[in-house]
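Asker: Take a look at the letters that make up each chain.
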Amino acid sequence: MSPSLLLQSVLSGLTNGFVYGLIGLGLASIFRGTRIINAMQGDFALIGGITAALLLERFGWPMAPAFAAAVVVGGIAGWLMEVLLIRPLRRRGGSEDSYLLLTLGVAFAVSALVLYAVGRDSHLLPGLGGEGIVVVGDAAIRTHALWLIAISLATMGALRVFFAKTALGLSMMAAALDAEGALTTGIDVPLMRTLTFVLGGLVGGLAGVLVGPLVTVYFDMGLLLTLKGFAAAILGGLANPMGAIVGGVTLGLLESLAIVTVSSGYKDVIAMAILIVIMIAMPNGLLGRRLRKGG
Amino acid sequence: MTMGMETVDPLLQVAAVSHSFGGLHVLRAVDFGVPAGSLTGLIGPNGAGKSTLFNIISGFLRPQRGTVRFEGRDITRDPVQTRTRAGLVRTFQTPKVFGKLSVRENLMIGCYRHLASGVVGNMLHSRRSRLELELMHVQAAEAGERFGLSEVMERPAAQVPAGMQRLVELARGYVSRPRLLMLDEPSSGLNTKEIGQLRELLQRLNREGITILLVSHDMQLVDVASRVHVLCFGSIIASGAMAQIKQDERVRQAYLGV
Amino acid sequence: MSPLRRALVWGIPFLVWATLPFVATRHIVDLLVFAGLYTIAGLGVAFLLGQCGIVSLAQSVFYGIGAYCTAWFCAHKGLPSPVGVAAGIALSTGIAALVGWPILRLSGHFLALATLALGIIGQVLFLEWDWLTGGTLGIGGIPRIAPFGFAFDTPLRFYFLVWPIALLLLVLHHNLLHSRSGLALRAMRDSPEAAAALGVDIHKLKVQMFMLSAALGSTAGSLFAHYVTFVSVDSFAIDRAISFLLLAVLGGVYTVWGPVLGALFITVLPQWLSRLGDIHAFVFAAALIAAVILLPEGFGGAIRNWWRTRAAK
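Top line first, the protein sequences correspond to chains R, S and D. Going letter by letter, the first sequence gives residues 237 to 531 in the numbering used here. Going letter by letter, the second sequence gives residues 270 to 527 in the numbering used here. Going letter by letter, the third sequence gives residues 613 to 925 in the numbering used here.
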């Protein structure tokens with residue numbers, strides 16, 4: 237394998253990796269906040285991407301407002317899901333399986349809705365920095381990809397600060413760690429849970445908007461993205477959402493290497509196999525602290 | 270029924286078992302044996318390490334050092350169900366009955382360890398499968414009567430009062446025809462009268478030939494044992510008949526001074 | 613129940629079942645055949661969820677294995693249909709054992725997502741290994757099941773093949789639930805520690821159940837192949853696995869006959885909705901969500917509970 241091919245694959249692996257990392261970040265944040273595995277995290281990305289595509293293509297919005305609106309819509313979707321669906325289930329005493337089935341159901345529903353409303357076409361979003369590319373040695377990376385990486389890192393940093401330093405962030409953490417205790421100190425725990433989903437929706441929507449220019453947005457993209465994001469989150473250690481970025485990059489690089497050594501049709505098989513192996517062999521991830529077995 | 274100084278291997282032999290959690294040494298080179306046919310007690314104040322030792326013997330925890338032998342075989346690394354199939358049956362401090370199953374079904378499950386019909390046989394309702402099911406019914410009914418549970422046989426186990434749940438667990442253990450029955454703090458939550466009844470029950474079971482290891486911090490209950498080991502801060506500080514133990518200076522300090 | 617009542621409770625549904633295909637249109641009978649096939653595959657998913665608490669999205673893989681084994685042994689090699697079915701079951705249970713052993717140690721979410729990952733792996737492999745499966749071009753010319761010259765080649769005839777098989781499997785499943793194994797499964801669900809402490813090898817039991825589930829999926833797949841005589845990858849994608857899970861949850865995973873209701877629902881519903889276009893996927897998903905929140909025991913459970921409260925009065 238030539239060095240330039242290797243370099244190219246590293247660059248694309250890095251790019252994909254940050255997307256997986258963002259999805260994983262959303263997943264891990266929701267899990268940490270509510271102990272629910274959100275099987276529709278990838279579909280938040282779909283929602284964000286499709287919203288941006290529709291605003292740009294059908295309503296002629298300029299890029300920046302469209303992207304911003306798409307992210308917000310992701311957050312709204314998270315809010316709706318928590319309030320309309322998760323809460324009633326919680327009131328009725330949902331078991332672990334039922335939450336998973338619920339989020340799976342919503343994932344399918346969103347995918348089906350997009351299929352019905354928009355069809356099977358893929359939509360390519362315009363990238364930040366347009367079609368520009370940056371040359372690195374013998375390989376090239378799109379300007380947009382660099383933006384993606386930068387924004388992902390910035391998001392990670394912002395979230396870190398948010399959870400550690402702001403009153404709201406600390407309240408959310410407190411509500412997650414000890415709901416009863418948090419209630420007694422006046423924290424509105426149900427609201428914190430809702431906000432956790434809103435946050436997940438925002439991060440997911442952001443991921444959709446960032447990945448859209450690279451791989452197109454289409455109705456079926458959610459599930460696979462969720463699984464890869466999940467792999468990223470586990471690799472990074474579910475207890476530590478920031479680790480998801482590291483996990484995602486690792487996964488992206490492994491996937492890219494696999495594509496150039498094996499054929500590209502097997503890309504998803506390899507990612508899924510990696511996911512399974514990670515779950516079995518390293519449930520606490522590369523960075524995570526020692527926890528009891530996952531889930 | 271006490272065996273004399275063991276010329277025969279004890280049914281259960283715990284040898285040099287040590288375990289620590291983090292930096293805390295919970296058990297230090299614990300050695301003791303349970304002779305076949307005996308009613309042996311393991312007592313000690315709270316925090317002595319009894320639960321940890323219990324979990325190590327029953328397979329819910331692997332010791333960092335030491336061995337556990339049952340009927341001469343080393344079972345230290347065996348999973349829980351393997352030990353049970355060998356005849357080592359335990360109860361839990363808070364009775365773990367199968368809440369959604371009826372009392373009858375709880376007792377029926379007790380038979381599991383000594384039956385063998387497989388999944389396919391069960392699907393096809395093979396002769397063996399049907400015979401085993403009948404056997405389970407019969408033994409459950411018999412145990413239900415013995416333990417005074419006849420009135421509640423059809424009730425879901427979760428809806429039976431706590432004291433009775435303990436009886437259900439005990440009856441379930443009895444149905445499994447254990448070679449060694451290990452009881453984990455069986456008197457917690459019971460009043461004096463109930464403890465007295467429990468003592469009688471245990472004596473009866475032991476007279477029938479069931480070897481019993483009783484782990485408790487309750488001196489009144491453990492009185493029924495023929496031989497008692499005292500665990501304190503992770504080591505056995507005294508072993509012997511109950512009367513002796515009560516006089517032992519170190520034991521009194523352990524219970525009063527801690 | 614008096615003998616007369618018993619005769620009515622069993623007899624009337626039987627009569628309805630037996631005469632229905634003669635009065636309904638060919639199209640409806642075709643749907644009912646699919647309902648039968650899905651009942652079998654869905655049963656596998658349902659009992660795994662209901663008895664073991666395992667959400668499985670891998671059933672489409674075993675369905676496909678059953679179909680392709682039948683295609684291979686019966687279409688390519690010209691062997692009789694039982695060979696295809698047996699090969700499918702052998703391969704499916706083998707893979708279930710091999711893959712199940714490590715992944716069934718995982719708990720809850722991890723396990724469900726692992727089965728989803730398996731479903732995707734299966735989907736991609738069916739597509740990529742086109743030397744085996746024919747890829748999107750598929751394999752055709754699968755012979756009909758035809759013992760002693762009587763070919764099950766029309767929907768009507770196949771109806772009377774698939775439903776007795778489904779019924780038989782339901783009976784076997786019922787037997788399983790009311791046996792030592794069934795009791796162990798319920799105990800395992802209720803309190804795994806206590807079950808282990810009574811000698812139940814939980815992991816082994818889960819693997820066995822997973823293998824059983826795979827065998828059911830494979831059987832359904834083989835029958836499917838013999839019915840449609842042409843199979844291609846589109847039938848074995850993740851959305852198929854989703855349908856199976858959906859019908860299991862909708863029908864109810866705590867009753868033996870729940871899958872029948874679920875299967876009828878998902879085969880008949882698209883009929884009614886076909887006027888609206890591609891909306892049925894969304895309606896299915898919405899139904900799943902509604903079932904999870906409002907009817908956690910599915911239609912079957914709701915009916916059974918209603919029946920019980922009536923009986924109590």
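I should point out that these hints are in silico values taken from the structure, not numbers from a laboratory. Quick caveat, the model's predicted, so the values are computed rather than measured. Treat each hint with caution, since some may be false.
Okay, the calculated bits of chain S under chain D, using three or more residues with CB under 8 Å as the criterion [as the list claims (entries may be wrong)]:
no.	stretch
1	296-307
2	384-396
3	479-493
Here are the simulated DSBU-like pairs of lysine-lysine, each with C-alpha atoms no more than 35 Å apart in a straight line [what the hints assert, rightly or not]:
no.	chain 1	residue 1	chain 2	residue 2
4	S	Lys462	S	Lys515
5	D	Lys816	R	Lys401
6	S	Lys369	S	Lys515
7	D	Lys816	R	Lys503
8	D	Lys689	S	Lys369
Note that CB positions come from ideal geometry on N, CA and C, so glycine has one too.
Asker: Each hint needs a verdict: does it hold in this structure or not?
Answerer: Quick rundown of the hints versus the structure:
no. : hint                   : in the structure
1   : 296-307                : violated (count 0)
2   : 384-396                : holds (count 8)
3   : 479-493                : violated (count 0)
4   : Lys462(S) to Lys515(S) : holds, 22 Å
5   : Lys816(D) to Lys401(R) : violated, 48 Å
6   : Lys369(S) to Lys515(S) : violated, 43 Å
7   : Lys816(D) to Lys503(R) : holds, 32 Å
8   : Lys689(D) to Lys369(S) : violated, 51 Å
The structure does not agree with the numbered hints 1, 3, 5, 6, 8 stated previously, though it agrees with the rest.
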